[in-house]
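A.B. asks: Knowing the structure of chain R, use the given hints to seat chains U and F on it.
Single-letter residue listing:
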Amino acid sequence: MQGRPQGPASHRRQRVSGKKTMKILVPVKRVVDYNIKVRPKADGTGVETAGLKMSMNPFDEIAVEEALRLREKGAATEVVAVSIGVQQAQDTLRTAMAMGADRAILVLTEESPEPLAVAKILKAIVERETPDLVILGKQAIDDDMNATGQMLAGLLGWPQGTFASKVELADGRAEVEREVDGGTEVVSIALPAIVTADLRLNEPRYASLPNIMKAKKKPLETLQASDVGVDTTRRLTVVSVAEPPARKAGVKVGSVEELVEKLRNEAKVI
Amino acid sequence: MTVLVFVETEAGHVRQASRSAIAAASKLGEVHALVVGDAASVGASAEAAAKIPGVTKVLKAGNDALAHTLAEPLADLLVSLAGDYSHIVAAASSVGKNVLPRAAALLDVQPIPDVLDIVDADTFVRPIYAGNALATVKSADAKKVLTIRATSFDPAPAEGGSAAIEDAAAPASGDTSRFVSSETPTSDRPELESARVIVSGGRGLQNGENFKTVLEPLADKLGAAIGASRVAVDSGYVPNDYQVGQTGKIVAPELYIAVGISGAIQHLAGMKDSKVIVAINKDEDAPIFQVADYGLVGDLFDVVPKLAAAL
Amino acid sequence: MSTREAMDFDVVVVGGGPAGLAAAIRLRQVAPDATVCLIEKGSEIGAHIVSGAVIEPRALEELLPDWRDLGSPLKTEVTGEEMYFLTESRGFKVPALEKVMPHIANHGNYVVSLGEVCRWLAEQAEALGVEIYPGFAASEVLIEQNRVVGVATGDMGVTREGEHGPNYAEGMELRGKYTLFAEGCRGSLTKQVMAHYDLRKGVDPQTYGLGIKEVWEIPAANHRPGLVLHSFGWPLDDHTYGGAWLYHFGENLVSYGFVTGLDYQNTWISPYDEMQRTKLHPVFKPHFEGGRRLIYGARALSEGGFQSIPRLTFPGGALIGDSAGFLNTPKIKGTHTAMKSGMLAAEAVADALKSEQVEPASFTSRVRGSWLYDELKTARNVRPAFSRWGTKLGALYSGFDAMVLRGKAPWTLRFRHADNETLTPASTSQPITYPKPDGKITFDKPSSVFLSNTNHEENQPVHLKLRNAALWKTVNWDVFRAPESRYCPAGVYEVGDEASDPRLVINAQNCVHCKTCDIKDPAQNIDWCTPEGGGGPNYPAGM
Chain R
1 MQGRPQGPAS HRRQRVSGKK TMKILVPVKR VVDYNIKVRP KADGTGVETA
51 GLKMSMNPFD EIAVEEALRL REKGAATEVV AVSIGVQQAQ DTLRTAMAMG
101 ADRAILVLTE ESPEPLAVAK ILKAIVERET PDLVILGKQA IDDDMNATGQ
151 MLAGLLGWPQ GTFASKVELA DGRAEVEREV DGGTEVVSIA LPAIVTADLR
201 LNEPRYASLP NIMKAKKKPL ETLQASDVGV DTTRRLTVVS VAEPPARKAG
251 VKVGSVEELV EKLRNEAKVI
Chain U
271 MTVLVFVETE AGHVRQASRS AIAAASKLGE VHALVVGDAA SVGASAEAAA
321 KIPGVTKVLK AGNDALAHTL AEPLADLLVS LAGDYSHIVA AASSVGKNVL
371 PRAAALLDVQ PIPDVLDIVD ADTFVRPIYA GNALATVKSA DAKKVLTIRA
421 TSFDPAPAEG GSAAIEDAAA PASGDTSRFV SSETPTSDRP ELESARVIVS
471 GGRGLQNGEN FKTVLEPLAD KLGAAIGASR VAVDSGYVPN DYQVGQTGKI
521 VAPELYIAVG ISGAIQHLAG MKDSKVIVAI NKDEDAPIFQ VADYGLVGDL
571 FDVVPKLAAA L
Chain F
582 MSTREAMDFD VVVVGGGPAG LAAAIRLRQV APDATVCLIE KGSEIGAHIV
632 SGAVIEPRAL EELLPDWRDL GSPLKTEVTG EEMYFLTESR GFKVPALEKV
682 MPHIANHGNY VVSLGEVCRW LAEQAEALGV EIYPGFAASE VLIEQNRVVG
732 VATGDMGVTR EGEHGPNYAE GMELRGKYTL FAEGCRGSLT KQVMAHYDLR
782 KGVDPQTYGL GIKEVWEIPA ANHRPGLVLH SFGWPLDDHT YGGAWLYHFG
832 ENLVSYGFVT GLDYQNTWIS PYDEMQRTKL HPVFKPHFEG GRRLIYGARA
882 LSEGGFQSIP RLTFPGGALI GDSAGFLNTP KIKGTHTAMK SGMLAAEAVA
932 DALKSEQVEP ASFTSRVRGS WLYDELKTAR NVRPAFSRWG TKLGALYSGF
982 DAMVLRGKAP WTLRFRHADN ETLTPASTSQ PITYPKPDGK ITFDKPSSVF
1032 LSNTNHEENQ PVHLKLRNAA LWKTVNWDVF RAPESRYCPA GVYEVGDEAS
1082 DPRLVINAQN CVHCKTCDIK DPAQNIDWCT PEGGGGPNYP AGM
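Protein chains in written order, with our numbering: chain R, 1 to 270; chain U, 271 to 581; chain F, 582 to 1124.
Any given hint could be a false lead.
As the list claims (entries may be wrong) - Straight-line alpha carbon distances no greater than 30 Å define the calculated DSS-like cross-link-like pairs of lysine-lysine that follow:
(1) R:K248 to U:K327
(2) R:K268 to U:K408
(3) F:K1021 to R:K252
(4) R:K252 to U:K413
(5) U:K545 to R:K252
(6) F:K973 to F:K1017
(7) R:K248 to F:K866
(8) R:K262 to U:K519
(9) U:K413 to R:K248
(10) R:K252 to U:K297
(11) U:K552 to R:K268
(12) R:K252 to U:K552
(13) R:K268 to U:K545
(14) R:K268 to U:K576
(15) R:K41 to F:K656
(16) F:K1026 to R:K252
(17) U:K576 to R:K262
(18) R:K41 to U:K545
(19) R:K248 to U:K321
(20) F:K1046 to F:K1021
(21) U:K542 to F:K1021
(22) R:K262 to U:K482
Simulated from the structure, these hints should not be mistaken for laboratory data.
Everything numeric in this text was worked out from a predicted model, so none of it was measured.
If we strip away everything but chain R, and leave its shape as in the complex, we get:
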């Protein structure tokens, strides 16, 4: 799929009346574990990631959890995890299945494609799987793009409920409480729709040892990016990656009066 899709309506599928199934697709990303502090490579070409512990993007864990809770409440019947990336991303999918996802799809690509390419691949998967809801993390903690969910929604012409802190499904719509600057807001979006998970949506469950053992037997399908006909050519070239400049020590002030004067007239923050 290239270029601009048509208006929202053309991509909405007809909901089959009396449809008993309700499928949720959960895209998950394999990223450097959140406990690991990364560092730019000495030559500045990128970030040193070799040999680092990789885990599921924490926001995606929240997305998986939300999908599972919806299924457990009876609001959904199937949870399908999908990941796009290298072969080892199957570990991330196994984790999603150990948490409770029913099955998984891996689309093989080169390392870490851009959100635009990911959104196009996901669109193809959505067209194949026809889920009623896609829930994914609001951003990945590696590239911090915060874009894939919104872009997928745009490409599909579906409504979006981003940065969700609460999701309720009823009457073919999702009511989504969203984290916005300075507070929250609630939107109501018609299904099928995209929801992106924020931190307070839930606290994801552990993948327990028995469930990890059982997840080894759940179905995992592997596709090539070329199978779904998406061009993953990068639009952004990384010119350099550097450590942020270290903050420099400022001045020591001698008194409270001097501090107040500086904050008021020099820094202008009070």
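C.D. replies: Then chains U and F, alone, in the frame of chain R:
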């Protein structure tokens, strides 16, 4: 080159973050501002935007769907206006981050979020890995879609310009997305993540009671949120959700006042992007002074009440 | 309790270090039908591994003869070796090292990241059909009718107050016909098994060391891959065993570390600060110039050797690797011995599986018949000589032992005291002034712990249990002035309200799982328990 900046307004004022976005866009070329709202109020908002120096034209679109900056109609509007603009820019706010990637996808563009610095028309600096690295990226897209980190660009002044105002036609929008309600916390104490000022306490506070009696009056004066170091949390002075740092919340307020915090690196990792850092500590060798813009060596029990009184 | 899920295996291995992984691999080699499950408390294999490490490939040759073709991370062969005796300002190179200290000669050995070696061994093990589950801490030994029948993993999602949180997940029983404990030095379950079966009866107390390590990246121009340096003497006093290492390996990496014998006496000693200040010595400092520090970590190691090895087997299992104390201290190596012990235990277990013996007792005779036994026996008198006569005389004895006696002395020097018994009171210990960190070559503890990527789920019970707070006050504070605040390399222990009402503050989240507190606490009043699985350091590649 002409840049289209989506400008957020509130009660007839342009938000400061959007003025920072305008300042950033001015480095790229001529700036046109897009202002949306309900039909009744969008005119006043557009006039506010027109006064910002550097804005040469204001486009305004008013209808109920746009009034709540819902992503679906707003992205469609941006796409309909995108035309010959070289860049489409917004603040990296919850609205900007919600809308711009959607518009970018519709334009078949890879957006560049959280721009901290502009190298040239195609090349931008942005944080990755929670700010632990800065990536300089060059875009091959014909049109660039950017969101701007407000703290990295001094905002354009609110007054001084007089741009022409034109109407933009808002595309029709359906019912797939509806605004229901919004809520702003009524507490006087802002939340850590969104506070403009944070007063944070560490081990030097010695107990939870002192957070109330010593820190709170200062925070009240500044309308500040209250944070804490991990040691203060681990010692049970305050609940865990006060924690600022690598294992707590990452914050970047305009003013961060660290009181009795030595400055363990895991704490610094959570607040080093603050615009101005003040450290108050009796130990003049405390590492916190290495990152503080203003350091005051002294007994916090003496200094903090004086500071609160002086504000 | 019986509601817990359970899974049956032929063999359960507790711990994914070199011993546990070698045992698991050997088992599948000699008993291909045996089901083998290995669990590891670190978030992944290698996450909790700290070692120098120069390793001797002898055991690896025996385990995987084609290791060179399997993409192993043994890449930097030792190319040069120097041993220094340090005074405050000078370093004296020990001449004719291979004669005076033949045990440490490193020809044919490799400088490695042991964490990377373990990750690679885990791949080999999985390829052979071993089931490996990292992120799960074995917290309970299952003993039925006086036979160990497996372990249970800890419950997850228990709150700080000990209640079931919203994400509570019950632990699981991993039941095995045989259980191998490969927890490394001072394993928490090993401790329970030793007590239950009285395995230490008749052997010397174990003595330990604390190794604290940093990995640096240095300018390529200064990098000499395969260079191996060791030191003894300054900055430690003559009654304290220990010294520094510095190895060049990998791509512009330097492994630097310092071991302090935990039988040290002066309560004011801070192993962390000894490690930091040694970097400033002229022998070491040039190696760090222009470099950046990447990783930090710490781990206790068993130094007792031969005379401190307990009974190795019990009904239903065995102790292997450093859980049993198979480290060759004079040689400064434990990987090859750990692996060998794991392999021998695996062979004994494979035999026991066939004959359905309760105790894999042939492990002991297999050890006695192997090079492992000869090696440890030969080295047995070196470490205790240092305990007894101090560093200078101990070093002389060790040269004599090596050159004249060739390890065949007709006597065995004993260890008289456990490490918790050796401290002298604060009032009679000589205070030590350590230099302030310079932020370039030396650093403070918090910034160091940051580089260990340590994290624990915050809302969980404190895993470092102070049994008796009153006893802490009268012993640790009144007599020794809180030695834990100095020996802990992660800043876990701090004294609160020092002036008015001193009390011990335990920042358990910082814990890098070195186990020193469990070893050195004078009244044995601190109990190191396993925290929620996956917690602790996350040492990356290079460590």
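A.B. asks: Hints first: check each against the structure and report whether it holds.
C.D. replies: These are the hints, each one checked on the structure:
1. A C-alpha spacing of about 40 Å is found between K248 (chain R) and K327 (chain U), which places the hinted pair above 30 Å, so the restraint is violated.
2. Pair hint K268 (chain R) plus K408 (chain U) does not hold up; C-alpha atoms about 34 Å apart against a cutoff of 30 Å.
3. Proximity of K1021 (chain F) to K252 (chain R) is assessed by CA-CA distance (about 22 Å); at most 30 Å being required, the pair is judged to hold.
4. Simply put, K252 (chain R) and K413 (chain U) have alpha-carbon atoms about 47 Å apart, too far for the 30 Å limit, and the pair is violated.
5. Our distance criterion of 30 Å between C-alpha atoms is met by K545 (chain U) and K252 (chain R), whose separation comes to about 17 Å.
6. This hinted pair checks out: K973 (chain F) and K1017 (chain F) have alpha carbons roughly 29 Å apart, not beyond 30 Å.
7. A threshold of 30 Å between alpha carbons decides the hint, and for K248 (chain R) with K866 (chain F) the separation of about 26 Å falls inside it, so the pair holds.
8. For a cut-off of 30 Å, the pair hint linking K262 (chain R) to K519 (chain U) stands: about 28 Å separates their Cα positions.
9. At most 30 Å may separate the alpha-carbon atoms for a hinted pair to count; K413 (chain U) and K248 (chain R) exceed this at roughly 37 Å.
10. Between K252 (chain R) and K297 (chain U) the alpha-carbon distance is near 35 Å, which puts this suggested pair outside the 30 Å criterion.
11. A C-alpha spacing of about 25 Å is found between K552 (chain U) and K268 (chain R), which places the hinted pair at or below 30 Å, so the restraint holds.
12. The straight-line distance between the Cα atoms of K252 (chain R) and K552 (chain U) is roughly 12 Å, inside the 30 Å bound, and the hint therefore holds.
13. About 11 Å separates the Cα atoms of K268 (chain R) and K545 (chain U), which keeps this hinted pair within 30 Å; it holds.
14. Pair hint K268 (chain R) plus K576 (chain U) holds up; C-alpha atoms about 20 Å apart against a cutoff of 30 Å.
15. Under the criterion of a C-alpha separation no larger than 30 Å, the hint pairing K41 (chain R) with K656 (chain F) is consistent with the structure, at around 21 Å.
16. Taking the CA atoms of K1026 (chain F) and K252 (chain R), the gap is about 25 Å. The hint holds against a cut of 30 Å.
17. For a cut-off of 30 Å, the pair hint linking K576 (chain U) to K262 (chain R) stands: about 15 Å separates their Cα positions.
18. Of the pairs offered as hints, the one joining K41 (chain R) and K545 (chain U) holds, with about 27 Å between alpha carbons and a cut-off of 30 Å not exceeded.
19. Between K248 (chain R) and K321 (chain U) the CA atoms are separated by roughly 36 Å; this puts the pair beyond 30 Å, and the hint is violated.
20. Proposed proximity of K1046 (chain F) and K1021 (chain F) is contradicted: the alpha carbons are some 36 Å apart, above 30 Å.
21. Restraint check for K542 (chain U) and K1021 (chain F): satisfied, since their Cα atoms lie roughly 19 Å apart, inside the 30 Å limit.
22. For the hint pairing K262 (chain R) with K482 (chain U), the CA-to-CA distance comes to about 26 Å; that is within 30 Å, so the pair holds.
In this structure, the hints that do not hold are numbers 1, 2, 4, 9, 10, 19, 20, in rising order.
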